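2 protein chains.
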Amino acid sequence: MSVTAAQGFEAAGVAVGLKSTGNRDVAVVVNRGPLKVGAAVFTSNRAQANPIMWSKQIVQDGVVEAVVLNSGGANCFTGAFGFQTTHQTAEKAAELLGVSAGDIVVCSTGLIGVGGEDFRAKVLTGVEQGVAALSADGGEDASLAIMTTDSKPKRAVVQRDGWTVGGMAKGAGMLAPGLATMLVVITTDAVLTAEQADEALRAATTVTFDRLDSDGCMSTNDQVTLLASGASGITPDPTDFAAALREVSDNLAAQLQGDAEGASHDITIDVQHAETEADAVEVGRSVARNNLFKAAIFGNDPNWGRVLAAIGTTQAAFDPYDVDVYMNGVRVCTAGGPDRPREEVDLTPRATSLVIDLKVGAAEARIRTNDLTHDYVHENSAYAS
Amino acid sequence: MSVTAAQGFEAAGVAVGLKSTGNRDVAVVVNRGPLKVGAAVFTSNRAQANPIMWSKQIVQDGVVEAVVLNSGGANCFTGAFGFQTTHQTAEKAAELLGVSAGDIVVCSTGLIGVGGEDFRAKVLTGVEQGVAALSADGGEDASLAIMTTDSKPKRAVVQRDGWTVGGMAKGAGMLAPGLATMLVVITTDAVLTAEQADEALRAATTVTFDRLDSDGCMSTNDQVTLLASGASGITPDPTDFAAALREVSDNLAAQLQGDAEGASHDITIDVQHAETEADAVEVGRSVARNNLFKAAIFGNDPNWGRVLAAIGTTQAAFDPYDVDVYMNGVRVCTAGGPDRPREEVDLTPRATSLVIDLKVGAAEARIRTNDLTHDYVHENSAYAS
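The listed protein sequences correspond, in order, to chains A and B.
Adding 973 to a residue's 1-based position in the first sequence gives its number in our numbering.
Adding 973 to a residue's 1-based position in the second sequence gives its number in our numbering.
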């Protein structure tokens, strides 16, 4: 059900030929209200696609009527023509829905540099067909239309007492902090103010999507959008809403990790006893981005030396010679020296746990990443072809 | 000839079983004087191997008699026993050479965590055999003994009017700024003060070894050592000496790049018209560490979008929508939009040129890197086995 699990939303996913496979490639998600609350967070990459530049302006007033998303082209670095395409996409949707173009968010994903005449024509056709196909059961189709190299759609729903939060996501590659080729739309029928929506979304993404660092590459197109319809008529306690939103976000982030391009291990890095949460995040990210560590995990090699070498490059507070490392529950390194024999660590399961105990404080953080595999190299050396 | 090309040096490389292949694994380089000038630069990783901690103290007074190097074990995170092993290595060499242990530099490379009784016994045997085998023709043997996953030894010699600079290096993987699993020894018979040696070495490494960023992983063991014997009796102009040292360093860095683990492309990233050299280096490194770009080059795919996405993550001064990108001489992107068709770029040669024109200033920098290949993943997933 994803984005149509909550009351007050309709969605559609249609196929207009942007994908060479003929699969669905344009999605439309519409908020039927009564509230039209919207919030979004965007990639922190300075190189930003046209839909990012557009949508940043749109969400500033906290009002969003609909989201149009396409796969099959990022519309990034496509110049003034590309920006006009995004603008026309919003105008077309607004006209068909009878609302203002200034309340239409646009998201694109695919290859950078794709956004010419053919792209524009197909996207506009997709808006027409998508609006015509809108349905309160359209969440599944929409989640299919945003897939790129994803092997399966990602959807999550959390139901509380009379209100619901649901969402869809696409990811696969280029997952990194500050978001990556990741598009997410989350809807709720809870009654929220625009300020509450914005605050809750930032709090949730900071500890979920922002801590998914599959390959360290930050995209130009990523966006997480939250829409609130108020259709349940229920105003949840802000803490309860924040928890539900975080749960949906965490569930979607785990699905993105589980379907990362070419990965054979889902690695959960738990950094414990850091002086600050920022330190814990820095240490976790440094390991998550270390190709030598990631290649070792692919080879089922509990190479803890590469973990210590990675954390040694950070500025976090700890003593490099007094750190403990656990792999899948086995303490392979203690106080900066070997502990249990590496043979005791079984790295054959896909789910992989790395625990780094910095022994200096009470802060902690979890970073999700993947291993570096032959399939990752293959998929990313062949993506454009 | 490498480290024995300059007058006043003897070297040896012997095999004592640290490598399972039976190849040479301990090298000794001795400065016979009359000067005993030494300088060194070390990894900036906070996790530092025992030989790094030892050698940092040794070079402080600018006097170095000899360098002992071993492959087959990094002696890193091996605790107090490991440090004692390094200390005993220096003591043994000093005793046999009739000098002070406080003038013996020690370098190790290999797997982190290796440095137990067996390692110690073999290294000490290697010192005995190495000192016994010292010869003015021993440079080649020494360069073989420091190899790990290197497919060939790296040596370079520059001869000037009556004086010489020569060196050897090992690298292969974990090449990154602040040095990496890279050991380098450079010798000269020029007459230098310790201060001159230190200054020239730092200047040379900053623009050569420090700008080789093969896989973004920084090692715990890396060290570049310069020894000066003064045996030529010639005191070169400091500018001339700096240029010769930079030439040897650049030559060795290029050889390290050319033999990086599993690489199929040697990528030279020239960042032009940056506001500052630091900006140029930051931009070049960001691209050099981008797995998506590196995998694309492996696939002979001139995916300039990934270049712009990588530089967009930096804080350097430039307009993301006014950057030109050239691949192997073809301008594939101008002013943040597509330029020449990607089909015009021939990425089949191993030597690959990427030029990024930031169009804001007069500073520039060159970063060397490699592509991300199946063989890289294979070698690094199997290294410990």
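Read the hints as simulated data drawn from the structure, not as lab findings.
If you're wondering where the values come from, they're calculated on a predicted model, not measured in any experiment.
Every residue, glycine too, gets a C-beta built ideally from N, C-alpha and C.
Please note that a few of the clues may not be correct.
Claimed, not checked - Listing some non-contacts, in silico: residues in chain A with all C-beta distances to chain B over 10 Å:
(1) E1090
(2) M1191
(3) T1286
(4) G1309
What the hints assert, rightly or not - Using 25 Å as the maximum straight-line C-alpha spacing, the simulated SDA-like pairs for lysine to any residue come out as follows:
(5) A:K1095 to A:D1134
(6) A:K1095 to B:K1095
(7) A:K992 to A:D1134
(8) B:K1095 to A:P1311
(9) A:K1095 to B:K1029
(10) B:K1029 to A:E1113
To be verified - Not everything, but these chain B residues come out facing chain A in the computed CB check (under 10 Å):
(11) V1164
(12) A1167
(13) A1227
(14) N1264
(15) A1269
(16) F1291
(17) D1319
(18) T1321
Results of checking the hints against the structure:
| no. | hint | verdict |
| --- | --- | --- |
| 1 | E1090 | 13 Å, holds |
| 2 | M1191 | 5 Å, violated |
| 3 | T1286 | 5 Å, violated |
| 4 | G1309 | 5 Å, violated |
| 5 | A:K1095 to A:D1134 | 42 Å, violated |
| 6 | A:K1095 to B:K1095 | 69 Å, violated |
| 7 | A:K992 to A:D1134 | 40 Å, violated |
| 8 | B:K1095 to A:P1311 | 20 Å, holds |
| 9 | A:K1095 to B:K1029 | 64 Å, violated |
| 10 | B:K1029 to A:E1113 | 62 Å, violated |
| 11 | V1164 | 38 Å, violated |
| 12 | A1167 | 29 Å, violated |
| 13 | A1227 | 22 Å, violated |
| 14 | N1264 | 5 Å, holds |
| 15 | A1269 | 6 Å, holds |
| 16 | F1291 | 9 Å, holds |
| 17 | D1319 | 15 Å, violated |
| 18 | T1321 | 14 Å, violated |
In summary, the numbered hints that this structure violates are 2, 3, 4, 5, 6, 7, 9, 10, 11, 12, 13, 17, 18.
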